[in-house]
Amino acid sequence: MVHVFKGLFLECDPPTKQFLLFVSKQEHFELIDIDETHLFLQGGNESTIATIQRCIDELQNRNTYSVFDQDK
Amino acid sequence: MVIIESTDEEEYDTSLLVIIVDTNIYSWGNRILQMSNKTESTSSTKLGSSLIGFNTFVEHLMVFINLHLMLNQENQIAVISSQIGEARFLFPEPHQSQSTKSEQKSIQNIILGKLLHLDTTIKETNQESTSSNFSAALSLSLCYINRIKKEVPIIRPRIFVLNISPDASSQYISVMNCIFSAQKQSIPLDTCILSQQDSTFLQQASHLTNGIYLKPQRQENLSQYLISTFLMDTYSRKLLQCPTLKSVDYRATCFCHKRIVDIGFVCSVCLSIFCSYSSSCSTCGTKFSLKIEIPKSRKSLSQPSSQEQPTNNKDKVEY
Amino acid sequence: MKIFQYLSSLNQEDLDQLYKDNWTCQAILRSLPPIGKQFILKLLMIDSIEFEQTKIWTQEISNQVHRETFKKLFDLKLLTKNKTCIQLNSIFQHNIKQSLMDMEHRVFSSDTTVKELKAPTIDELDQFSKTQWEKVLYLLSDEKSDSIPLISELLQSSNLTSRDGNGQLAITSEGFKFLLKDIYTQIWTLLIVYLDTIEKKYKSRIELLCFLFKLSFLQLGRGYLVSELTQLQKTLLTDLKQFGLIYIKSNDNPYFYPTRLIISLTTGKTLSLMQDIKTEQALSQKEQGYIILETNYRLYAYTSSSLQISLLSLFVKMLYRLPNLAVGIVTRESIRMALIHGITADQIIDFIRHNAHPNATLAGTPIPDVVAEQVKLWEAERNCVDYSKAVLYNSFPTLDCFNATVKYAKELNLFIYSNDSKKILVIDESGNEPIRNYIRKNFG
Chain A
1 MVHVFKGLFL ECDPPTKQFL LFVSKQEHFE LIDIDETHLF LQGGNESTIA TIQRCIDELQ
61 NRNTYSVFDQ DK
Chain B
1 MVIIESTDEE EYDTSLLVII VDTNIYSWGN RILQMSNKTE STSSTKLGSS LIGFNTFVEH
61 LMVFINLHLM LNQENQIAVI SSQIGEARFL FPEPHQSQST KSEQKSIQNI ILGKLLHLDT
121 TIKETNQEST SSNFSAALSL SLCYINRIKK EVPIIRPRIF VLNISPDASS QYISVMNCIF
181 SAQKQSIPLD TCILSQQDST FLQQASHLTN GIYLKPQRQE NLSQYLISTF LMDTYSRKLL
241 QCPTLKSVDY RATCFCHKRI VDIGFVCSVC LSIFCSYSSS CSTCGTKFSL KIEIPKSRKS
301 LSQPSSQEQP TNNKDKVEY
Chain C
1 MKIFQYLSSL NQEDLDQLYK DNWTCQAILR SLPPIGKQFI LKLLMIDSIE FEQTKIWTQE
61 ISNQVHRETF KKLFDLKLLT KNKTCIQLNS IFQHNIKQSL MDMEHRVFSS DTTVKELKAP
121 TIDELDQFSK TQWEKVLYLL SDEKSDSIPL ISELLQSSNL TSRDGNGQLA ITSEGFKFLL
181 KDIYTQIWTL LIVYLDTIEK KYKSRIELLC FLFKLSFLQL GRGYLVSELT QLQKTLLTDL
241 KQFGLIYIKS NDNPYFYPTR LIISLTTGKT LSLMQDIKTE QALSQKEQGY IILETNYRLY
301 AYTSSSLQIS LLSLFVKMLY RLPNLAVGIV TRESIRMALI HGITADQIID FIRHNAHPNA
361 TLAGTPIPDV VAEQVKLWEA ERNCVDYSKA VLYNSFPTLD CFNATVKYAK ELNLFIYSND
421 SKKILVIDES GNEPIRNYIR KNFG
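Protein chains in written order, with full-length UniProt numbering: chain A, 1 to 72; chain B, 1 to 319; chain C, 1 to 444.
Hint data in this document are derived by calculation from the structure and do not stem from the laboratory. Worth double-checking, as some hints may not be accurate.
[As the list claims (entries may be wrong)] Straight-line distance between alpha carbons at most 25 Å, and here's what the computed DSS-like set of lysine-lysine pairs gives: (1) A:6 <-> C:20; (2) C:389 <-> B:238; (3) C:97 <-> A:6; (4) B:238 <-> C:422; (5) A:25 <-> C:422; (6) B:246 <-> C:422; (7) B:246 <-> C:42; (8) C:42 <-> B:238; (9) C:55 <-> A:6; (10) C:20 <-> C:249; (11) C:55 <-> B:215; (12) B:114 <-> C:97; (13) C:77 <-> A:6; (14) B:238 <-> C:441; (15) A:6 <-> C:72; (16) C:389 <-> A:25; (17) C:407 <-> A:6.
[What the hints assert, rightly or not] According to the in silico footprint, chain A covers these stretches of chain C (three or more CB under 8 Å from chain A): (18) 201-215; (19) 218-225; (20) 382-388.
[Unchecked claim] So these bits of chain C aren't anywhere near chain B, every CB distance computed over 10 Å: (21) 34; (22) 38; (23) 321.
For clarity, every value in this text was computed on a predicted model and none was experimentally measured. Even glycine gets a Cβ: it sits at the ideal position worked out from N, Cα and C.
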C-alpha cells in the first residue's frame with residue numbers, strides 16, 4: 001500500500017542536510033531522508049520553518065568571524 | 001564605411017525629428033499641372049501615378065507630426081523648408097523656445113499655420129536656378145541637432161526629408177559633406193520621395209546613414225506610409241525591419257563641371273574628382289607633375305566604353 | 001511597469017470603458033515600450049492582419065522581443081485575436097485617429113491672466129511635491145511623525161504598515177521593500193490601493209484613472225481652472241494634494257497646478273520638460289545620487305536628509321553623521337537585519353546603484369563588484385534550504401506501479417522529484433487528489 005506524506009520538500013547541500021537531520025532530533029520534527037541533497041519535512045508548518053531558519057542562522061553565526069563589527 | 005558607435009543600447013525612444021520639407025514652388029507647380037493633365041486624359045490610373053497636391057500633402061504631414069509628438073512626452077520636432085535659393089526654419093522660429101508660451105497656440109497649430117502661409121515668405125527675386133537649396137537645409141538641420149544635443153544629451157536625433165524636386169548636381173559636394181558628418185554622428189537620414197524619379201543624393205544619404213528610403217506607390221495614402229515607416233525611433237530600428245535599398249547609385253560628380261562621371265581623374269591628396277586632365281588640382285592646389293597621354297578621340301566620360309583607360313591617378317606630387 | 005500590471009488585471013468591460021476616453025488612449029500609447037508603439041502604429045490604419053504576417057516586422061534575432069511585446073499588447077486588450085487575424089481594439093483605434101486630427105490638444109483651460117506673483121514657480125511646485133512625498137515616506141519609517149489620515153489608511157490596507165500587539169503602527173517587510181523602490185513605483189502602489197477605496201465609495205475607479213491620465217498632459221507651471229472639472233474630480237483634488245501630485249492653495253482657490261510628479265507619472269521617469277535650460281540644470285543637480293560605496297565596505301552618503309539616512313540605516317551600520325555627510329559600514333550584521341526584515345539583496349544593490357553619486361558612476365563603478373557579490377553571498381547564506389509544499393509517496397507495491405505514476409505525474413505537470421532506487425515520488429501539493437485517484441484506479 002502506498003504511503004502518503006504531506007509536508008514540505010527540502011533541497012539543500014549535503015552538509016546542511018546532515019545538520020538538519022541533527023536539528024530534527026533536537027527540536028522534534030520528522031524528516032524523511034530521500035537522498036544526499038533532499039529531505040522531506042512531515043507536516044511542515046510556519047513555526048517549524050522558523051525554527052529551522054533560526055538554527056541555520058545560529059550555525060552560520062558560529063562560523064563567522066568579522067573585524068568590522070567593532071566600533072573604533 | 002566609418003560608423004562611429006552610438007549609445008543606442010538603452011531602451012527609450014526620446015527623439016528629435018528634424019523634417020526638411022521641399023517647398024520648391026516650381027516642383028509643386030509642376031505637380032498641379034501633372035494632376036490636371038491626368039484628370040483630362042482618360043487613361044486608367046496606374047498604381048505609380050497617384051499624385052497629391054501641396055495642401056493634401058500638408059494634411060498628411062500634420063497627422064504625422066501630431067503622432068510623433070504624441071508618442072513621447074519629450075519628443076521634439078523642427079521643421080525646415082527647403083526653398084529656391086534658401087532654407088529657413090518654420091519651427092522653431094529663431095527666437096522661440098521649444099515649449100509654447102502661455103498665450104500661444106499648440107505646436108501643431110503653429111507649424112500648420114506656417115506651412116499654409118509659405119507663399120507669403122517666399123520672395124520673388126530673379127531666380128536663375130529652379131532647384132531647392134537642399135544642402136543649406138541639411139546644414140541647418142545638422143547645426144540645430146548639434147545645439148539640441150548639447151542641451152539634452154540623451155535625445156536621439158534623426159532627419160526626415162520629403163523630396164519632390166530633382167537633384168541639383170551643383171550641390172553634390174556640400175550635400176556629401178553633410179551626409180558624412182551625419183554619418184559620423186550616427187544621425188539617420190530618412191527619405192520619402194514624392195516625385196516620379198528617384199534621387200541619387202538621397203539614396204546615397206539614406207544608405208550611408210542607415211536611414212529609410214521610401215517612394216510611396218499610392219501618394220493619396222501618404223499618411224499611412226509615414227506613420228508605419230518613418231516614426232521608427234533609433235532604438236527600434238535595430239530590432240525591426242526597415243525598408244532599405246538593394247542597390248545604390250554611387251556615381252560621383254566631377255568638381256569642375258558638376259557632371260556625373262563614371263570614370264575620371266582623382267587627386268591623390270584631397271581626393272577631388274575631375275572629368276578632364278589639368279596640371280594642378282583646383283581644390284588643394286597640388287601641382288601634378290605626371291604627364292598623362294590622353295587620346296584625342298575620347299568619348300564622353302559619362303558613358304563607360306571598352307576603349308577607355310581605367311581611372312588615372314595623378315600619383316606623382318611635388319613636395 | 002506597475003501601471004501595465006494594474007491595467008492587465010482589469011476586466012474587458014473596465015478596459016473598454018477606460019479606452020473610451022481620448023486622453024487615456026494617448027497616455028497608454030506613450031507609456032508602451034518603443035517596440036510596442038511601433039507595432040500599434042503599423043496596425044493603426046488597417047483593419048486586421050494575419051498574425052503570421054507580423055513576423056516579418058521584426059528581424060530574426062529579436063524574436064523574443066517580438067513575442068514579449070505582443071503578449072503585453074494582448075494582456076492590455078489593445079489587440080484582439082480573431083482566429084488567425086489580429087486587430088487593434090476598435091475603440092482605441094478610433095480614439096487615436098480622432099486625436100491625430102486634433103491640433104489644439106487642450107485638456108483643461110488654463111488661465112492666462114493670472115499674475116506671476118500669485119502663481120507658484122516651478123521650483124516651488126517641485127519643493128512642495130518633494131516635501132509632501134517625504135511626509136508620506138516618514139509615515140512609513142517613523143510612526144511618530146504627524147499623520148495624514150488618508151495616507152495612513154492606505155498604508156495599512158496595502159500591508160505596508162500594520163498594527164502590532166500594542167496597537168502601535170509598525171512597518172512590515174512589504175513596507176521595507178516599498179521604501180527602497182523608486183518614487184513612481186511607490187506612488188502607483190499607493191494609488192492602486194486608493195483606486196480601490198474610491199471604487200467602494202463612489203464606484204468610479206475608471207473615472208479616477210481617466211482623470212489621472214488627463215492630468216499627465218498638463219503643462220508644468222501653469223494653473224488650470226477648477227471650475228472645468230466634474231464634481232467627482234473636484235473632490236479628488238484634495239486627496240491628490242496629499243500625495244503631492246497637485247498643488248492647490250486652498251480648497252476654494254479657482255486654480256490648481258500640476259506638479260512634476262503627476263506629469264511624469266505615466267512614463268515612470270522624471271521628465272526634463274524643456275521649459276528653461278537653467279531650471280533643468282538646477283533640477284538635475286538636486287536629483288543626483290549621493291552614495292559612494294568603497295571596496296572596503298565603507299559607505300559615504302552626501303546628504304542631510306533624515307529620510308535618506310534612515311533609509312540607509314535599514315541595511316548599513318551608520319557610524320558618523322556630519323552636517324552634509326553620513327558615514328557607515330556595510331556589515332554582515334546590518335545586511336542580515338535587512339534580510340530578516342524581508343528586503344532582498346537585489347533590492348539593496350539596485351537602491352545603491354540608483355542613488356549612486358555621479359562621480360562614482362562616471363568612474364565606472366557605482367557599486368563595487370566585491371560588495372555586490374558579498375551581499376548576494378550573505379543572502380544565499382540564509383537561503384541555503386529550498387522549501388516547496390509537496391506530497392511524498394513511497395512504498396509502491398511494484399516497480400511498474402511506480403513508473404506509471406511518475407509518468408502520469410509528469411503529464412499533469414505536478415512532478416517535482418523522484419528517487420528510483422527507493423521508489424519515492426514527490427509531487428506538488430495540489431496534485432494529491434488526482435494522483436491518489438490514479439493509483440487507486442489502476443493499482444488499488
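Now the hints, each set against the structure:
1. A:6 <-> C:20: With Cα atoms ~51 Å apart, residue 6 (chain A) and residue 20 (chain C) exceed 25 Å; violated.
2. C:389 <-> B:238: Cα-Cα ~44 Å, so violated.
3. C:97 <-> A:6: violated (58 Å)
4. B:238 <-> C:422: violated (54 Å)
5. A:25 <-> C:422: holds (23 Å)
6. B:246 <-> C:422: At roughly 66 Å apart (the allowed maximum being 25 Å), residue 422 (chain C) and residue 246 (chain B) break the hint.
7. B:246 <-> C:42: Distance of about 23 Å is within 25 Å: holds.
8. C:42 <-> B:238: holds (17 Å)
9. C:55 <-> A:6: violated (47 Å)
10. C:20 <-> C:249: violated (32 Å)
11. C:55 <-> B:215: holds (23 Å)
12. B:114 <-> C:97: The hint holds at about 23 Å.
13. C:77 <-> A:6: violated (41 Å)
14. B:238 <-> C:441: violated (57 Å)
15. A:6 <-> C:72: violated (38 Å)
16. C:389 <-> A:25: Judged against 25 Å, a Cα distance of about 22 Å means the pair holds.
17. C:407 <-> A:6: Between residue 407 (chain C) and residue 6 (chain A) the Cα gap is close to 20 Å, so the pair holds against 25 Å.
18. 201-215: violated (count 0)
19. 218-225: Check failed, 0 qualifying residues.
20. 382-388: Coverage by chain A holds here, the residue count being 6 at a Cβ distance below 8 Å.
21. 34: Incorrect as stated: the minimum Cβ-Cβ distance to chain B is 4 Å, not above 10 Å.
22. 38: violated (5 Å)
23. 321: holds (35 Å)
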